[in-house]
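Sequence lines, in order, name chains R and V. If you count the first sequence from 1, position 22 lands on 22 in this note's numbering, and the numbers rise without skipping. Here this note's numbering runs 1000 ahead of the position in the second sequence, where the first position is 1.
Calculated from the structure, these hints are not laboratory results. On a predicted model such as this, the values are computed, not experimentally measured, just so you know. Any given hint could turn out to be false.
Covered by chain V, according to a simulated footprint, are these stretches of chain R (three or more residues, beta-carbon under 8 angstroms) [as the list claims (entries may be wrong)]: (1) 181-189; (2) 196-208; (3) 215-226; (4) 249-259; (5) 264-278.
Sample of chain R residues lacking proximity to chain V, with all beta carbon distances greater than 12 angstroms (derived) [as the list claims (entries may be wrong)]: (6) D7; (7) D65; (8) L85; (9) A295.
The beta carbon of each residue, even a glycine, is placed where N, CA and C say it ideally should be.
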Amino acid sequence: MTAQLLDVADLSVAFGPDGARLAAVKGVSFSVAPGEVLAIVGESGSGKSATAMALARLNEGPGADLSGRIGLQGREVLKLSPADLQELRGRGIAMIFQDAMSALNPCETIGDQIAEALIVHGKATRRAARTRAVELLAEVGLPEPDRRAALYPHEISGGQRQRAMIAVALACDPALLIADEPTTALDVTVQAQILALLTGLVATRNMGLILITHDLGVVAGVADRVAVMYAGRLVEAAPVEALFAAPHHPYTRDLIAAASAAPDANGQLASIPGAPPNLGSGDTGCAYAPRCRKASPRCTAERPDLAPLGTSRVACWHPENRP
Amino acid sequence: MSTEPILSLRGLTVRYPVRQGLTRREITALHPTDLDIHRGETLAIVGESGSGKTTLGRAMLRLVEPSGGQILHNGTDLTALGTRQMRALRPRFQMVFQDPYSSLNPSHRIGTMLMDVLAHTGVPKPDREARATALLADVGLDKDAMHRFPSAFSGGQRQRIAIARVLASDPNLIVADEPISALDVSIQAQVVNLLMDLKRKRGLTLVFISHDLGMVSAIADRTAVMYFGEIVEIGEAAALATSPAHPYSAMLLASQPKPDVAASRATIRAAASIPAADLPSQLDPPTGCPFRSRCPRALDRCAQEAAGLTPTTQGGLTSCFNPFTEDETPKGALRA
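Let the sequences and hints guide you as you build the complete structure.
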């Protein structure tokens, strides 16, 4: 195994008033190597975004606890001083979000926003920052970057705004880029182009990428490895080919079936019965058991831990496709 | 399927006024559209944002006022009806919206919501509660739901409630505008299956608006693909997904990443070679075919004139001078 860029061990995130914290993320562990794309897949409430935010300590504060270990380039993120943390954000970790319209400042031109990132982090003088901003806009494939640098976010299309936000994130050459549902708000034709851009950037910059998504089609196209989350826990982690060829966790298998949208003989689409559990519901047994076709009494009584199986890790008493 | 369409759109047009500084202008959100909606069918309307699919769905029910054209129903032109006459017909035509968080009144109990509709459609008071309970059962919800507020329900459950409310007026036609886009993947298929099941049991006609051409081809009878305010291809759903004629339909199918590693990687590799291009501006519409700026098959002729809908070798209609024929199935189309 190559030297890891990011090493997360037993990360937990809990929200709520003192004494009544609800666990959104419950002890997840994973790693990312330089030049590698890790996709974190899950539904709303699965804890995938809380995990991503925790990596840059963006969701820390009164009413929110982060615990566990986050190692980035050999540094312990959860122990950094505020000044060191500021240094880490931007250079170490940068993040892009689903909605570029609200992530970008509507009162500032695209070029100024990129330049600002460079100046704040002391990477360039004011004059050099302008030139670098235009270079970055060219790198993310914005046509006529010179002219577009002087435009405001509302003056360009949704796909172009997403490119501009990626340029802001790249400004300080981050070692790790976290993309939280970066293409969910985009049309499919634009989505494919943004995904092509992101995979290209990972290769040319040898950057790590964590892609948070609910879309297994996107995962199949972009990820090297996949972590599937359900109700705050990792339920399966696997190389992408293995995950799609032979999913081990019944939830993974059901998600893949639902995503392929192929109707059965009765014209019914494959669906998963029931709904994900609420935050703070009981924690004995496997959270997926109430919806799982393979659930046994053991599943509701005893929680399975993530255990190696072939090239994967899976938390299930009755995994499918045993090697 | 009986012969007379439930709705016949004839030259239906929607223009919206826009103000640019001191000048007032108009944009055409829906170009004159002819479309028959057959009784009992599931018609999918597919397109990207700005394609006019929502405008078409709303205009056919007069939820946005058409700027021109006719909506024929049993020989009556709905656009000529007065408010009162239209209101009398409204229960027959209903709509399910995308976002079940904003389409349900947060301060009304579910029972109140359903019984209001039942009262409106003339159900006698003593029968309303039983009918409302039965409607909830139809959409798979317990009668406890009657006394709760929308905040007590998840997205999928709220969409079920929205569907129950629509069914309360006993409609013939339901227009569902992206009814599953706001829902989690594991819940989407449940809601689609419910809609299709109710449609079969009640003999409804369903217009299903979506951005996902692959998904709708699994459930629809016919699909209409829209681009820049007009239908660019319409045909039998399975045929259109396996052998699209219009290059835009083909691009939509090819751009959708599928849950298959080799196929999805090929999709993204192909996208890397296409130059970034956007929809043309509604304020400055291009001459000829609006898709030509993104079209890999554009001819010189496409810049001068619009093609208009003509029959395809696949049995549908498309507005293209250089469509794919049945024998040259483009890359990325779904396997038959």
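Against the structure, the hints:
1. 181-189: With 3 residues close enough to chain V, the hint holds.
2. 196-208: holds (count 4)
3. 215-226: holds (count 8)
4. 249-259: holds (count 5)
5. 264-278: Since three or more residues must qualify, the claim that chain V covers the region 264-278 of chain R holds, with 9 doing so at under 8 angstroms.
6. D7: holds (26 angstroms)
7. D65: holds (26 angstroms)
8. L85: holds (33 angstroms)
9. A295: holds (16 angstroms)
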